[in-house]
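Join the two chains into one complex using the hints; note that each chain is given alone, in its own frame.
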Amino acid sequence: MNAETLERIKEECRKLPAEISYIVGFVRKQSEPREVVAVLKPDEVDKLSFSPLSFNNPARTVMELAKDNKVAVIAKGCDARALKQLEKEEKIERENLYIIGISCPGVIDYRKFRNTVKFRLAEIDSVELIGDEVVVKAGGEEQRIPFSEVIFENCLYCEQPTPKDYDVLIGEPREGKVDFSDIEEFEKLSAEERWSYWMDVFSKCIRCHACRQVCPMCYCNECLVDPSNLAVSPMTPAEEKAAYPRVLGRTVNAADNLIYHIVRVMHHAGRCAGCGECERACPMELPLRKLERKLEKVVYEVFNYSPDEEIPFLSKLDILPEG
Amino acid sequence: MEDFEPKIITFACNWCSYAGADLAGTSRLKYPPNVKIIRVMCSGMVNPAWVLRAFRQGADGVVIAGCHPGDCHYTVGNYYAKKRYILLKELLKFVGFDDERFKLLWASASEGKLFAEEMTAFTEKIREMGRQEKLRRKIE
Ligand code: SF4
Ligand code: SF4
Ligand code: SF4
Ligand code: FES
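Keeping their order, the protein sequence lines are chains H and B. Under my numbering, the first residue of the first sequence carries the number 1, and numbering increases by one thereafter. Under my numbering, the first residue of the second sequence carries the number 1, and numbering increases by one thereafter.
No lab work stands behind these hints, which were simulated from the structure alone. No incorrect hints appear here.
Which residues of chain H face chain B? A partial, calculated answer using Cβ under 10 Å:
1) Ala-191
2) Glu-192
3) Tyr-197
4) Trp-198
5) Leu-258
6) Lys-297
7) Leu-320
We put the CB at the ideal spot given by N, CA and C, even for glycine.
For reference, chain B alone in the conformation it holds in the complex (with noise of 0.2 Å):
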């Protein structure tokens, strides 16, 4: 696998997990480029369908962070969030797809070391498991 570098789409809730992610930033801890962060107002707003779409488009790894059971600014949206990616990742791994590529998170504002661990942790791994080629859409 030369120069594999794998696409990392993180779902980051805006109340926590974009806030941990951003105190990681400004606290100079290091978490791999490879991870690109899509600001969403709660984990409870994405769509099962973008996670899909963002495979589609050449994601190797979707990640969905959101703030801890009982924190989430909306009371429950979090709740719907792991409702949502158990169903989605069961649906997957029947499939035959890889749902090990597929991650949810809990990530407090305060927790930017955890979210800088995690994503280094989660990209090593996708990095072994090499592209994911099964829903990537291929120029035919």
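This is chain H alone, in the form it adopts within the complex (with noise of 0.2 Å):
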């Protein structure tokens, strides 16, 4: 995660095969040092940036590009993931993909990140890891963060730094790990206690369904989780509105957002590929991953599925347990 990674990517980059006609990469945003998902022609390669700060999943773009198109993708572990997913419910084709992969240390948390940094955002120069220190340039000057510091917590329970399947690796392989220590701690407290800081942190929820809209696993184009799919007009009259199916309460309080919340990680079991998107881009900055988390310790412990066998969770069903 280094000036000397950036190098490796451009490297692999400007030697492609022939056929693939984009990029998917991270490049830098403007006035700001962190890095966005972006679309790029093969003769752009200056363009592509890498960072801790490139935080961002590209699946989902991937997906949407690579339905007629052969495309060079540069993802970390859990990226990596999340495109093996698509793969294997039919949304990407593998001989489309070129996946550049890196070995990932972990990416920053940007919230922490922006509490801690002395400089002014737009005047950062550079943003490296080296060793356990994020070192952070901006006109000349110099600020070190110890790592662990600014770590987006997500990363500290990765279960796949480097990704399983790529075309080219960049960095040495590392090791993964299976931890729900938070979560077993997190269940030692009553049910009432549970309650009230799972109400507590709901009752904060806007529904603005970011953590769906950025989650490569939710690419329904309908989904449960919107008031209605029906057409209304403005000549539709109210009585036959409030008769509309609809599974989910409409309003906004702490009891229908658990109930979005449990449909919406329902739906990712066996799949969530764990990259934190969702946690990232809630505006109320709730813990997300720790519902999703419950669910995949379920999906290793009742079910014994590892997200990473070949056979999607849903059409598995001898893993049922007795009785």
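Have a look at this one:
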């Protein structure tokens, strides 16, 4: 995650197979030190950037693009995992991908970063991870921040920092781990404590549905969570609108929001890539990974299933416990 | 808890459990009137969101009833039902909801007696647990 990584990425992108029409990579945002996902032509390699602030997941963009193009993609472990999942679900064909895998040491939590860095964001020239320090440079000055102070918490539990499936890999492979200690800790609380915790969390949710919108696994055209997919015109009478089928309450209150979130994560069982986009996107900064990780734990422990298996979780029926 | 009559919603599959409930009726086996049955074609079509919505609308207990494993009219619907049941129950427990209020039952068309007994026992259990307040929609 330093200048050298970026050089390696560029080098690989310069010698891509000729049939590749796009590169989905990271480009630095204007007047901010972070990168965003961008679609580039193979002759725009110089625009590429990469740093510990390249936290977004390109899988969703790739899914759209790879329908009728061959695409090269720069993928961290979790990005590759999302791509793999989309491939399993026949949303992407592997032949259309050229994966430049990055062995990932973790990314920075931008919220923590903004609170820690002493420079104005627009002044920052570079952010690099060197050893276990984040080195921020701005106008000849330098600030060193221990990585542990600004790391995105989700990355501490990363299962697959190194992509399993890639065409080229940059960096030395890293070991992932299956660690649910945070979830186990939470489960020790009493039911009442857990309930008030989640009621407090979800009373803050404003139901903007950003967490669904960014998730690479939430690609359905029609989502159960939308108030109604049926046409409403100014002429539709109120009684008719009221009679439209709806499963989820439209009101924004803690209980309806909780139901929304339970439904959302249930749809990710055995599929979630663990990228943390949902949590990053949330304007209310809610701990969304916690609910998702509980589900991951159930999938591992009760069904003995790993999202990395070739057969999708939904189609596997021989993994039910007895009874 | 004066005059508490629990409301139990049972999603019963057409081919086994609903027929089982019917048999309980025709054999004059009693089960509590608290149990409201919603007939579905297969336990595998019960969307977990319906279960949550039932609780939201004031159910004190929810049951999904289907054919025994291996007997589903659509071969595997009940396996899907069970998978979702486990996931939803675990999540409910995790958020601190009394997951005991949610039950999965296998009852065949000939098990009218079992159906009646299970429903009676479940109703009594819910009666003891009291009203479901956590997800119930309140007039605020
Ligand atoms: S979840 Fe893993 S692969 Fe993804 S950014 Fe964090 S450490 Fe990297
Ligand atoms: S649920 Fe969150 S962590 Fe999982 S794949 Fe979707 S955005 Fe990533
Ligand atoms: S992104 Fe946050 S506020 Fe928006 S719907 Fe999701 S949890 Fe609620
Ligand atoms: S038909 Fe009875 S459970 Fe599927």
